[in-house]
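> Residue numbers (full-length UniProt numbering), protein chains in the order written: chain R, 1 to 220; chain H, 1 to 218.
Hints listed in this document are in silico derivations from the structure and should not be mistaken for laboratory results. Note that the structure is a prediction, hence the values are computed from the model and not measured. Ideal Cβ placement from N, Cα and C applies to all residues, glycine included. A hint or two may mislead.
[Unchecked claim] Some chain H residues judged to face chain R by a derived CB distance under 8 Å, without partners named:
1. Ile63
2. Ile71
3. Ile74
4. Leu75
5. Gly131
6. Lys160
[Stated by the list, open to error] Quick look at which bits of chain R chain H covers, simulated, 3 or more residues with Cβ under 8 Å:
7. 32-39
8. 77-86
9. 166-179
10. 185-197
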Amino acid sequence: MNGYQFYWSIVWDSLPLLLAGAWVTIQITILAFIVGTLIAMPMAVARQQGEGWAYRFSTWWVELSRNTPAVFQLYLFYFGLGAFHINIPSYAAVLISVSFNNAGYMTEIFRGGLNAIPRQQLSASRSLGMTSPQSFIHVIFPQMFKVIFLAYVTQGIWGMLNTSLGMLVGLQELSGATQYAQSASFRTFEFFLATALIYYLIAKGLQFSSHLAFRLIYRS
Amino acid sequence: MQFQFANQGLAWSDAYFLAQGLLNTVRLAAAATLVGTLAGIVLGWLRTVSVTVRIATAPFIDILRSVPMIIQLILANSLLSILGFGASPFWFGTVALGAWMSAVTAEVVRAGLLSVPAQYRRSARSLGMNGYQELLYISMPLAFRTALAPWIGLVLSLIKDSALAGVVGYIEYMRSTQILITRTHETWLLLMGAGLFYFLICYPVSRYSRHLERKVRV
């Protein structure tokens, strides 16, 4: 142990700072989850078409977001836009890049779910007089979310893990706040161990609450 | 007194710097994949055959999957330093990425082994094979078939996560790109280079893994 003295009280004293960071992390996670879902739903339908500009656009989005590191995507929105003198705050950059990443992965998850739903469902709802968007919103998507639920929640938690990159662009989310707090004492290990614990609790909390929501929505 | 601006344009020597970063990324990803996969296969097998090991290692796997890689890297770095290993950033990265890889590979291996029908294993045993022969000649080849495509997905995740090793001072490709951006302000050219590098590695491999997945399912 080289005579290293652990010093935990300093972490305890900065707990309010860490919790404030955790709150930013939760905010971005939930916002990026919602934005990603809203973008991914039409893109999954477009991917299923297999042709047309919408298909090509969403294919590009999916391949780009899945085949490059999340940190590259963040730099693209933060430094890349900055080079054009479009300076967005780091909060927005993290939100946009995590949403971008979420949307790409979710599109593929949704597409898998759509494949599992019988084609006749769409024809049946169209023949009942629903428009195409109506039949997707009222008939297809509710069934799809039930099929893909587990993968969908896992992706939400991945999104939460990706918000930690905010540290690299100076955002005071949980990792960034920890980095800032430990820079006064350089008790790196103690601080980041506490942060790891908070991340774990957030992940479990998200998992638990989403399962609860699933039970409430699909109660039967 | 001579004064020189720090902001210099790109020079040919920077190509050498980037190539070194590229090589470092490959080195780190290869080492972490090797360590993580070997440990993961053993761990996955142990988790399949022993209830005690399954319960004892569950927290390890759960925690590694619920904590961001960047935090794991920083913790590996500071913990190893506290323990007195004066190791290089390469080893910090290998330990953190390898530990993550072993946890997720263990789950893939376990799923693969569980997918082998019990009848196959029983018939192998009734043909007179012992437990290890059955594992080696029956279970492992069948598990390999189901586990290969998900495992490739994990390797791709690992390559993408290795872009974070810069935070513990390892100069891999993303970090070298960032250093050059800071100096030259050639933001787009360098960022596109980085994006293209990862894309050219990951895209063909992920296409191939999707192809494999379709082949296995049929």
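> Hint by hint, say whether it matches the structure.
Cross-check of the supplied hints:
A least Cβ separation of about 6 Å between isoleucine 63 of chain H and chain R falls short of the 8 Å threshold, and the interface hint therefore holds. Given hint, isoleucine 71 of chain H at the interface with chain R, holds; its Cβ is 5 Å from that chain's nearest Cβ, closer than 8 Å. Residue-level restraint check for isoleucine 74 of chain H holds (minimum Cβ-Cβ distance to chain R is 5 Å; threshold 8 Å). Taken as an interface hint, leucine 75 of chain H checks out: its beta carbon lies about 5 Å from the nearest beta carbon of chain R, inside 8 Å.
Interface hint at glycine 131 of chain H: violated, since its Cβ lies 33 Å from the closest Cβ of chain R, which is beyond the 8 Å cut-off. Taking 8 Å as the C-beta cut-off, the interface hint given for lysine 160 of chain H holds, the closest approach to chain R being about 4 Å. Proximity of the segment 32-39 of chain R to chain H, defined as three or more residues with a beta carbon under 8 Å from a beta carbon of that chain, is not established by the 0 residues found. Check result for the segment 77-86 of chain R against chain H: holds, 4 residues qualifying (beta carbon to beta carbon below 8 Å, three or more required).
With a threshold of 8 Å between beta carbons, the proposed coverage of the segment 166-179 of chain R by chain H holds, since 3 of its residues qualify and at least three are required. Counting residues of the segment 185-197 of chain R whose CB lies closer than 8 Å to any CB of chain H gives 6, which reaches the minimum of 3, so the coverage claim holds.
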